[in-house]
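S.K.: Residue strings, one per chain:
Number of protein chains: 2
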Amino acid sequence: MNGAQSLVKTLLASGVDVCFANPGTSEMHFVAALDSHPDMRCILCLFEGGTSGAADGYYRMSGRVAATMLHLAPGFGNAFSNLHNARKAGSGVLNVMGDHATYHLQYDSPLKGDTEGVSRAISHWTRSSLSSADVARDGADAIRAARAKGGQIATLVLPADTAWGDGSDPVTATAPPPLHRASEADLDAAAAALRAEGAALLIGGAALHGPLMRLAAQVAQAAGCRLMAPLFSPRLERGEGTPPLEQLLYPVDANAELLKDIRKLVCCGTNPPVNFFAYPGKPSLPTPADAQVLELADATMDLEHVLNGLADRLRAHDQQISPVELTLPDRPEGALNAASAGALIARVMPENAIVVNESVTSGFPIVTATRTARRHDLLATMGGAIGQCLPAATGAAVACPDRKVIALTGDGSAMYTLQSLWTMARERLDVTVIVFANRGYQILRGELAAMGVTQVGRNAQAMFDVDDPLLDWVALAKGHGVEGTRATTVDEMEAALEEAMAAKGPRLIEVVI
Amino acid sequence: MNGAQSLVKTLLASGVDVCFANPGTSEMHFVAALDSHPDMRCILCLFEGGTSGAADGYYRMSGRVAATMLHLAPGFGNAFSNLHNARKAGSGVLNVMGDHATYHLQYDSPLKGDTEGVSRAISHWTRSSLSSADVARDGADAIRAARAKGGQIATLVLPADTAWGDGSDPVTATAPPPLHRASEADLDAAAAALRAEGAALLIGGAALHGPLMRLAAQVAQAAGCRLMAPLFSPRLERGEGTPPLEQLLYPVDANAELLKDIRKLVCCGTNPPVNFFAYPGKPSLPTPADAQVLELADATMDLEHVLNGLADRLRAHDQQISPVELTLPDRPEGALNAASAGALIARVMPENAIVVNESVTSGFPIVTATRTARRHDLLATMGGAIGQCLPAATGAAVACPDRKVIALTGDGSAMYTLQSLWTMARERLDVTVIVFANRGYQILRGELAAMGVTQVGRNAQAMFDVDDPLLDWVALAKGHGVEGTRATTVDEMEAALEEAMAAKGPRLIEVVI
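So the sequences go chain by chain: A and B.
Position one of the first sequence corresponds to residue 1 (this note's numbering), numbered consecutively onward.
Position one of the second sequence corresponds to residue 1 (this note's numbering), numbered consecutively onward.
Please note: incorrect hints may appear among the correct ones.
The list makes no distinction among identical chains, and a pair is therefore deemed to hold if it is satisfied within one copy or across any two copies.
SDA-like mimics (lysine to any residue), calculated; alpha carbons at most 20 Å apart, straight line [to be verified]:
id, residue 1, residue 2
1, 282, 490
2, 504, 210
3, 282, 445
4, 149, 178
5, 112, 498
6, 282, 256
7, 112, 348
8, 260, 281
9, 112, 284
10, 112, 300
11, 504, 196
12, 504, 305
13, 260, 116
14, 260, 443
15, 504, 468
By construction, these hints were calculated from the structure, which means they are not laboratory data.
Okay, chain A solo, but in the shape it has when bound (with noise of 0.2 Å):
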């Protein structure tokens, strides 16, 4: 047995049966030892920002880490923009990367870069593998690593030798070291600040969805306090049957205005909340400045802890939550826009549906029309950085088969990873991908005046439109093996929907508003 295939065996054993992959020549022994381990679901992605962004999507869904199969250093750079995306959700990935054999890295051969270098810039753990020996062993402690603190990005560098090189037997991970908990004292100041006037109890990560976010609910509506979900979550669980809640805004002065009245902020699952950008003359933090913000657990503590600490001492475990009732919105009347579109989709979204947003400029209205919807999961684009949409309702679907995935997207922020409907088709994986077509990166143009400026001229319109050609979202998705359409009335659109939720499959609608 070879490294490469020390290491395959280690992944399965530990779990580890699913890998996005996009391998080049210095992982051949890699992909022959996938090769004869068929119980690993191999998925191909045509560019390295799919792999990281479905294994984000993937995790979010399973709570499993997959694997990514990514080339030297190059290769792992364009997968990084989706694994800042990934380590901002707080999703465990494995990342493993080829390189030149330990004895040919002293040279300076076209493809050698500095990959301990570009993984450190944004995993939380990496190490190059230094013999095929020590394989098996340096992947258990990789994927040990993506298992902790709730989910990190974990980098194993496989030198071209020691895949090729005997390795050891398999290991199997042992389990990641506890979650912190928080301390009784802190449990004591917190329950207390609840109870205050101008209290609410901000929750993210693992309590934004399941039993957690049910306890969540009870905790603060025992407290008398309101509760609050940050403006991106990974995983937010809404709609029918869910506790209600408030989300925090994009917009700086009306995020203000919303926590104007805050005096004391209880962070569970997230950090204290910061503006998404700052701006000449505003401040970073949203809350008022004489606010108390009590850092309790961040997203990487043992929320289920916190959360029962919090209701023990608020006597919350028997409160009776209203949860959200179904409402539907109206038939839309008139041209088609964000607005309607966002009605349309709320009416024909199915129960258990997963929404994947990043549809930048339009998303705000269709977050709004689906608070009521049928119950459903909503995916951001936690770290900002566009082009994750595509990529992590890939990995949605692998992980929930069962589930119809609802990709929103803006043109713009769908050009970065549009590689990733080849993969869904591919797959055949259960997504509908609706692309807003605006032409353009509107949030720019709101960024621009945002920062004072209101005259735009050539050059600014030269980066901000992508009108001259119009992108043919119809074409580019046949050209990936994707059936698409156009629609640019509410009833064209409504039509592409009712079919496309009747289907299974993928398909894309490019809405034009």
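Dock chain B against chain A, hints included.
M.R.: Showing chain B alone in chain A's frame:
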């Protein structure tokens, strides 16, 4: 004048007037500053790999540094792969990367990342401006760094408040330090070595085109030695009227065979040759173990001084070189394959074409067929990171609007940065893209075999084949606003090529082989 304006004026005063841009919010003041300077040509790319690859192609054909505008850490990550290629090509590139305002960096906002870390993993020079008053000086230093040593990767990180705060007067970049020169002793030794039996002069970098290439040929002829070029070159002048030379090969055994009689190898403008990858039981170096390799000058040194020094010692200045004569292949008969496609391309390629070659497995027959075609420049993917062809062709076409650019790419490699098609259409660039659709990563099949694996199973096939679904390049071109044609026979390809050569502007030919 704010910091951003001081930077734009510094760029223009220093002769940097092309900016390949993919801005985000943190770059808004830079966008606004560019907007008030229409003499800066801003070219929008829909993915950051397009910006860095374009800056590389632009530098190779113009010798001038272009700026890229990139968003924070993840945006830079997307540019990383083609910065790797640019670095290996010795191209000068100036990256302007935005960042959060200095006072905002203390918070973990979504886009906060290790901007300097990811930059240092690939850039020769990285600096974050500390205040708006420093931006002009930092920009001038960055330009100087990008121009040093024949061309480097220089990255200036611009926190948002250094862009919007008060700037200084613009600063004109000073000339880079003089290039290093070879010593007289090294030149004596190299001249003597070239006269010995089994000698070869291996030239690279700036010695591969124009007068220096002719001087190198005179030196080799006067010494009576072989004249050779590396496997890949940033810009290799070829075809009619150019001095004949031998090129190193990709396959390890064939390359060793080519070099087996070498006793003295003098490297001028390049590092000593090293195999692209290491293989079990095969050496890293293609040169015979007992050959003497003289590292006279790498690509960063003063090659004009070196070659003149050699020519003086060898009395080479009056040598008459018999240049390559124009010999076009016969019109091919039979099936369309890499060989017949190469013959067709060689027949139609106009004088002064710029050929950007990333047709990984189809490349060799085409490069062979075009050796005696009309004079042209051949640009290779220097760092081996695929996805460079379409961006580099974009940049080359911006640099040389009067020359026909022919981009040769495999379907696998074109998928990494297909967004560049849109920029070609938007800027009406005269690029003919030829996609060799072999429906897979054929190079990997060969590499797996070279590793000794002969059986290809389900998982390996899943990672090599791109035939389910088929990519439809005519549709992909249309989606990006580029006219496309599919050729499946010699007749169809000939007609498509003739039409493309007769017209101006971008088009794509999918060659099914």
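S.K.: Which earlier hints turn out false for this structure, listed by number in ascending order?
M.R.: Those not satisfied are hints 1, 2, 5, 7, 11, 12, 13, 14.
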